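Visitor: If you want the building blocks of each chain, they are given just below.
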Amino acid sequence: MKIHEYQAKQLLGRYGVPVPEGEVAVTPQEARAIAEKLGRRVVVKSQVHVGGRGKAGGIKLASTPDEAEAVAGKILGMDIKGLTVEKVLVEAACNIEQEYYLGITLDRAAQKNLLMVSAAGGVDIEEVAASTPEKIARVLIDPAVGLCDFQIRQAVFGAGLDPRALSGAGKFIQALYKAYIDLDCSLAEINPLVLTAEGTLIAADGKITFDENALFRHPELAQYAEGSEEDEIEAEAHRRGLQYVRLGGEIGIIGNGAGLVMGTLDEVKDAGGTPANFLDIGGGAKAEVVANALEVVLLDPNVKGVLFNIFGGITRGDEVARGITEGSKRLDIKVPIVVRLTGTNAEEGRAILAATSLVPAETMQEAAAKIVSLARG
Amino acid sequence: MSVLIDKSSRVVVQGITGREGGFHTRQMLAYGTQVVAGVTPGKSGQTVDGVPVFDTVADAVRSTGATISVIFVPPKFAPDACLEAADAGVDLAVCITEGIPINDMVSVVNYIRKTKTRLLGANCPGLITPEECKVGIMPGNIVMKGPVGVVARSGTLTYEIVSRLTREGIGQTTCVGIGGDPVPGQRFIDVLPLFEADPDTKVVVMIGEIGGTDEEDAAEYISTMTKPVIGFISGRTAPPGKRMGHAGAIVSGGKGTAQAKVEALSAVGVPVPVSSREIPELVRERLG
Numbered sequence: 001m002k003i004h005e006y007q008a009k010q011l012l013g014r015y016g017v018p019v020p021e022g023e024v025a026v027t028p029q030e031a032r033a034i035a036e037k038l039g040r041r042v043v044v045k046s047q048v049h050v051g052g053r054g055k056a057g058g059i060k061l062a063s064t065p066d067e068a069e070a071v072a073g074k075i076l077g078m079d080i081k082g083l084t085v086e087k088v089l090v091e092a093a094c095n096i097e098q099e100y101y102l103g104i105t106l107d108r109a110a111q112k113n114l115l116m117v118s119a120a121g122g123v124d125i126e127e128v129a130a131s132t133p134e135k136i137a138r139v140l141i142d143p144a145v146g147l148c149d150f151q152i153r154q155a156v157f158g159a160g161l162d163p164r165a166l167s168g169a170g171k172f173i174q175a176l177y178k179a180y181i182d183l184d185c186s187l188a189e190i191n192p193l194v195l196t197a198e199g200t201l202i203a204a205d206g207k208i209t210f211d212e213n214a215l216f217r218h219p220e221l222a223q224y225a226e227g228s229e230e231d232e233i234e235a236e237a238h239r240r241g242l243q244y245v246r247l248g249g250e251i252g253i254i255g256n257g258a259g260l261v262m263g264t265l266d267e268v269k270d271a272g273g274t275p276a277n278f279l280d281i282g283g284g285a286k287a288e289v290v291a292n293a294l295e296v297v298l299l300d301p302n303v304k305g306v307l308f309n310i311f312g313g314i315t316r317g318d319e320v321a322r323g324i325t326e327g328s329k330r331l332d333i334k335v336p337i338v339v340r341l342t343g344t345n346a347e348e349g350r351a352i353l354a355a356t357s358l359v360p361a362e363t364m365q366e367a368a369a370k371i372v373s374l375a376r377g
Numbered sequence: 001m002s003v004l005i006d007k008s009s010r011v012v013v014q015g016i017t018g019r020e021g022g023f024h025t026r027q028m029l030a031y032g033t034q035v036v037a038g039v040t041p042g043k044s045g046q047t048v049d050g051v052p053v054f055d056t057v058a059d060a061v062r063s064t065g066a067t068i069s070v071i072f073v074p075p076k077f078a079p080d081a082c083l084e085a086a087d088a089g090v091d092l093a094v095c096i097t098e099g100i101p102i103n104d105m106v107s108v109v110n111y112i113r114k115t116k117t118r119l120l121g122a123n124c125p126g127l128i129t130p131e132e133c134k135v136g137i138m139p140g141n142i143v144m145k146g147p148v149g150v151v152a153r154s155g156t157l158t159y160e161i162v163s164r165l166t167r168e169g170i171g172q173t174t175c176v177g178i179g180g181d182p183v184p185g186q187r188f189i190d191v192l193p194l195f196e197a198d199p200d201t202k203v204v205v206m207i208g209e210i211g212g213t214d215e216e217d218a219a220e221y222i223s224t225m226t227k228p229v230i231g232f233i234s235g236r237t238a239p240p241g242k243r244m245g246h247a248g249a250i251v252s253g254g255k256g257t258a259q260a261k262v263e264a265l266s267a268v269g270v271p272v273p274v275s276s277r278e279i280p281e282l283v284r285e286r287l288g
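Heads up: the sequence lines are chains E and H, in that order.
Read in order, the letters of the first sequence are residues 1 to 377 in our numbering.
Read in order, the letters of the second sequence are residues 1 to 288 in our numbering.
Wrong hints could be hidden among the right ones.
[As the list claims (entries may be wrong)] Using C-beta positions, here's what the derived DEER-type ranges look like:
id	chain 1	residue 1	chain 2	residue 2	range
1	H	LYS227	E	GLU326	44 to 54 Å
2	E	ALA197	H	PRO271	53 to 63 Å
3	E	GLU362	H	LEU287	23 to 33 Å
4	H	SER44	E	GLY283	23 to 33 Å
5	H	VAL274	E	GLU198	30 to 40 Å
[To be verified] Just so you have them, the derived chain H footprint on chain E, three or more residues with Cβ under 8 Å:
id	region
6	211-224
7	247-256
Since the hints were derived computationally from the structure, they do not count as laboratory data.
This structure is a prediction, so every number in the text was calculated from the model and none was measured.
Just so you know, even glycine gets a beta-carbon here, dropped at the ideal spot from N, CA and C.
Construct the complete structure from the given sequences, taking the supplied hints into account.
Guide: What follows is the structure in C-alpha cells.
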C-alpha cells in the first residue's frame, strides 16, 4: 500500500526524521493561509500517486502568499498521468546545497533489508542503479542486530557525501530505519535528502510503501488505505476482499491461485486475446465469492468475454459452478463465458453447468482459444 | 528414492485443532503420511483423528520422534511457530500459512538458516513424494511415482503441470512447492541440489514466475548440474509495478521480468516453453 508524500512526512516526522514544516491544502485560499503562517518562501506540491510530478508541472516554488495561492490554483485540478490533483502540500522551501538519495528496502536475493545511500540524489534512482551502480553505497542489515552505526558510516563515506552531512546522518538514518521496521514498510525512501546551506539534513520528499500483510498490526494505518487505489474497479474488488488487478484488455479472467491465473493470462495472450484483469479467488472459495468475482470482472465495460480456469484442490468444482450460475442469474450477462473446471468435484461442477449456456473447456489452452474466438463474435 | 520426505517421515502438525490443520491432517493421513503428533497450546491430551495433541513442539518431538513439522497457524502466530519448530530440532518445517509480514520472515529465515532445520515456505503448498508421503495441501490424486523432480513457486499452476505429466504417464520423485513469498525459506537454489543428488531423479521441472531473481540465481547453479532441467515462467504478460496476487510476484525497478528469467535459463541450455502443455514432451525427450 502506497501513501501520499504528506502522509509519509507526517509519519516520518513522528519518528524524528527531519521534515520541512508544512500542511495540506485543498483550495488555493487554504494554500495562501498556510504560506502566510509559514512566513517564508514555500514549495507547493501536488499529492498524487505517480512519479515525475515535477516534470509534469505539479511542483512549484512560491515566494509570497499571493504566489502560493496562484500556483495552488494552477496545480489543483491538474491532470498528472491520468490522475486529478485534489490536494497540495504547502511547505517551507529549504536552501538546497546538495541533493542526496537515501532508501531502505528489501533485497530479495540477500533475504535482508538493504540501506542505500547515494550522492546522486534528486533524480530517478533506478536509472542511477542501472547506469552507474557504483554511485550507490549499499549495506545489508542483519535482522538480529539491526542497523549498526558503523554500517551507516560505511554507507555515508562510501557514497562520498559532504563531510558536513556526517554529523546528522547517523541520527537521521537510524530514525528512518526505526520507522521502516516499526511501521512494517517494504520501502522507505528519501529522495532528495537535502543538505541545506546551513549544513543540516532534511527530507525534501518522502515515499513509504507498507507491507499489506502487516496491516493487522497497524489499525491506525487503515485511514491511509482509503482512496489510495488508482482504479475504481480495483478499489471495489478490494472492498469485497478479492485479489483483482485491472489490465486494460477485453477478456475477463478468473481463476484460483496466483500462478495459475498468471499462466491463464499468458495463454489468452498467446491465443490472440488481451486480458482485462487478473482475479484470484484464492483457495477454498465458496459460491458467493465466485459470484462476487464475476460481478466485479463485469464492472469493466471493456470486457467482451469471461474465462474461468479452476483447478480444484481445496477449492471444490461444484461450489465454483454454483457460484457461476448464481452470479449469472443475478446479473444480466451479455458476454460469452467459458469455464474450465478440473480437480476436486469437477464432475459435479460440470453437471451443474451442463444445464446452462456457459461454454465448457477441457484444458486451459482450449479454454483460452474458445473465449478469444467467442469474444470476437 | 525421493527428496526431503519419504514413507519413514514422521510428521507433527502445528495448529492441528484449527479448521485447516484438522482438514489437511485427515487428508495427509488418508494419503498414508505418518502424522504422529499435533500441537495446539493448552490442548495436550486431546486427539485429532487418533493423533495425540501436545502443548509444545518440543514435547511432541520428544514423545513421538517427529522429524518434520507442518504449520497451519494464522499469520500473526506463524513466525513464532516456525522458530518453535526449529528450536525443537526438526529436520524440515513446512509453513503453509499465507500472509505473514515480510519483515517477520526476514528475521525467521535468517535465523533458521543458522540452525539444522530447513524451512519450506511460508505461503507454500508443501511437498509430496508419490505413494509415500504428503506434507501440506497438494492434492494426492494428481501425482504418480516416477523419475521427475518438480520444484515450483506457485501452487495450482504446479497441480496443473504435474497432473498433465501424470496423465501422460510421467511420474515424479518428489514435488516441492517453495511458495510465492518474497522471502522464502527454500529457494530454487536450495532445492535443486537435492534433486541433483537424488539417484532416482532423472529430470527436473522448475516452475517459476515473475518477481525477484531466484530463477536467474538458479540458472547459475543449473549450469553446474549433471541432470537436465526444464523451466517454465508464469506471468510473461503481466505489467510492471502490479502485484499479481502473490506478494512476491511483482516486476519492480526493472527487476524480475519474465524475459530476464527466460534469457538466463536459455543461456544455460534450459528450455522454457511458452505454453505449459509442451512440458511433458520436453521431459520425455530427456528421459530418453
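Visitor: None of the hints should be skipped; say for each whether it holds.
Guide: Verification of the supplied hints:
For the pair H:LYS227 and E:GLU326, the beta carbons lie near 48 Å from each other, so the given range of 44 to 54 Å is met. Restraint check, E:ALA197 to H:PRO271: a C-beta distance of roughly 60 Å satisfies the suggested window 53 to 63 Å. For E:GLU362 and H:LEU287, the Cβ-Cβ distance of about 25 Å falls inside the hinted range of 23 to 33 Å, so the restraint holds. For H:SER44 paired with E:GLY283, a C-beta distance near 30 Å keeps the hint of 23 to 33 Å intact.
A hinted range of 30 to 40 Å for the beta carbons of H:VAL274 and E:GLU198 is inconsistent with their spacing of about 59 Å. Using a Cβ-Cβ cut-off of 8 Å, 6 residues of the region 211-224 of chain E lie near chain H, which meets the minimum of three, so the contact claim holds. Remark: the region 247-256 of chain E is confirmed as covered by chain H, as 3 of its residues place a Cβ nearer than 8 Å to a Cβ of that chain, reaching the required three.
Hint violations for this structure: number 5 only, all remaining hints satisfied.
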